[in-house]
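All chains should be modelled from the sequences, with the hints used to inform the complete structure.
Protein sequence lines, in the order shown, are assigned to chains D and G. Here the first sequence is numbered in my numbering, starting from 15 and rising by one per residue. Here the second sequence is numbered in my numbering, starting from -5 and rising by one per residue.
These aren't lab readings, by the way, just hints derived from the structure by calculation. Some hints here could point you the wrong way.
[Unchecked claim] FRET-style restraints, in silico, Cβ to Cβ:
1) Leu234/D with Asp(-4)/G: 48 to 54 Å
2) Leu239/D with Ile73/G: 31 to 37 Å
3) Arg71/D with Gly9/G: 25 to 31 Å
4) Arg150/D with Leu8/G: 22 to 28 Å
5) Leu82/D with His3/G: 40 to 46 Å
[Unchecked claim] Where chain D lies over chain G, by a calculated footprint (3+ residues, C-beta under 8 Å):
6) 71 to 80
7) 97 to 111
8) 133 to 144
9) 174 to 186
[Unchecked claim] Anything over 12 Å on all C-beta distances counts as not near chain G; from chain D, calculated:
10) Gly46
11) Leu120
12) Ser236
Please read these numbers as outputs of a predicted model, since none were measured by experiment. Backbone N, C-alpha and C define an ideal beta-carbon position, used for all residues, glycine too.
Listed here are the chains, written in short residue letters.
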Amino acid sequence: MDLLAKVAAWFANPATWSGPDGIPIRLLEHVGISAVSLLIAGAIALPIGLAIGHTGRGAGFAINLANLGRAIPSLAAIGIVVPFTQALDPELGFSLYPTVIGMVVLAIPPILVNAYTGIAEVDRDLVESARGMGLREREILRGVEIPVAMPVLFAGIRSAAVQVIATATLGAIYAFGGLGRYIVDGVAQNDNGKLFGGVILVAALALAAEASLSILQRVLTSPGLRRAEPSSAAAP
Amino acid sequence: MDWAWIGDHLGAILGRTIQHIQLAGIALTVGFAISFALALVAIRWRRAYAPISGIAGILYTIPSLAVFSAFIAITGFSILTVEIPLVMYTLVILVRNIVAGFDGVSADVLEAATGMGYTRRERLTRIELPLAVPLIVAGLRLASVSTIGLVTITAVVSDTFGGLGFFIKERPFFLTEVLVGAIPSILLAVLADVLFSRVQRLLTPWSKRVAQPLLPEAAT
Chain D
15 MDLLAKVAAW
25 FANPATWSGP
35 DGIPIRLLEH
45 VGISAVSLLI
55 AGAIALPIGL
65 AIGHTGRGAG
75 FAINLANLGR
85 AIPSLAAIGI
95 VVPFTQALDP
105 ELGFSLYPTV
115 IGMVVLAIPP
125 ILVNAYTGIA
135 EVDRDLVESA
145 RGMGLREREI
155 LRGVEIPVAM
165 PVLFAGIRSA
175 AVQVIATATL
185 GAIYAFGGLG
195 RYIVDGVAQN
205 DNGKLFGGVI
215 LVAALALAAE
225 ASLSILQRVL
235 TSPGLRRAEP
245 SSAAAP
Chain G
-5 MDWAWIGDHL
5 GAILGRTIQH
15 IQLAGIALTV
25 GFAISFALAL
35 VAIRWRRAYA
45 PISGIAGILY
55 TIPSLAVFSA
65 FIAITGFSIL
75 TVEIPLVMYT
85 LVILVRNIVA
95 GFDGVSADVL
105 EAATGMGYTR
115 RERLTRIELP
125 LAVPLIVAGL
135 RLASVSTIGL
145 VTITAVVSDT
155 FGGLGFFIKE
165 RPFFLTEVLV
175 GAIPSILLAV
185 LADVLFSRVQ
195 RLLTPWSKRV
205 AQPLLPEAAT
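Below, the structure is given as structure tokens:
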């Protein structure tokens, strides 16, 4: 097949693998920005979600946030930021900044909501007995609620990770690098080898991230709870 | 904000809004038809569920920019390049919720229906389907919100498509135009969410709460 030959030729070309537009650098950009965005989103969303789940206060806020978060198209999340950041910094404001901000905004709702639902769904009797045994609130959260809620909690992080990797690809519509670059440039240059090379790399990265996080989730879940893994929590 | 620009482009804004709804509507209709058939297959032959749901889930994980761009090379700048991926992304949401809806019908109800002399087909259409409606509509609700978001990305295919996403992408530094694309696209998604909640209340007045859909991992 013609297309297959073009893709193979693109992968076989040494130039594909070297320099600032080479696969190693582009992969690093993509994974790096995704990891940083996920960390920022987690640092914001986890404490809030855990607090809402533990205290039960602000549940309405969490649910509304989840619905709003789902309603924001990812292109809009990046696009809205561009005019502002570009005015501040013509270069990074058109590439790195809007992509990161858009990714963080989109990653917060799934992490926050699953942290909240996971904790809120923990059997109240379990929490009461922990309290009766003299555990402090912080200890209850760390020792009882988080371990029991781990599968649901982690499903939120997984879902956010897949979303973040996809959104990083969209950054290439603007000036961000990452693996999306090959796709956007491949279309612009009518270079199907590059285009499909990019498609394969992006799809492989998303699937690999999802698979490795599933494994990590299994490892982090206490053996007693390892029966079924929920793909995601149903928001109440 | 450049209000004059908005005033000069009201016709185009309306046109793009209609296009947005049309592109999403076609995808949801075709996606629902395919998903319903797949769900029936999965219910009839249980062993088919894991592969159907698994493959749909893998397709859903692939970033949308990659899929739309790949189809440019296959189906050119035709509407198929837009609709095939959009339909593909609805499958996992719809199939899983339709199957879950049917699964939620209790065995006692089914046995009672059989005992009353319902044939398999009658039981499906008159007993199981109405009881599965809340989750089916919940799935449609989620799929519509997701599809409305994805339509914005079809702007990368060509200026002919994109719905409101066209305005987000056309001139990235022109805040007014970006907002004219972004805000109505968010409003459309919220509107679809509210609309399908209402539909579910109308179709199933006996259910007290609006059913929550099963969520797959996010596609963008």
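Here is what the structure says about each hint:
no. : hint                                : verdict
1   : Leu234/D with Asp(-4)/G: 48 to 54 Å : holds, 50 Å
2   : Leu239/D with Ile73/G: 31 to 37 Å   : violated, 47 Å
3   : Arg71/D with Gly9/G: 25 to 31 Å     : violated, 46 Å
4   : Arg150/D with Leu8/G: 22 to 28 Å    : violated, 59 Å
5   : Leu82/D with His3/G: 40 to 46 Å     : violated, 27 Å
6   : 71 to 80                            : violated (count 0)
7   : 97 to 111                           : violated (count 0)
8   : 133 to 144                          : holds (count 6)
9   : 174 to 186                          : holds (count 6)
10  : Gly46                               : holds, 17 Å
11  : Leu120                              : violated, 7 Å
12  : Ser236                              : holds, 23 Å
Against the hints set out earlier in the document, violations occur for numbers 2, 3, 4, 5, 6, 7 and 11.
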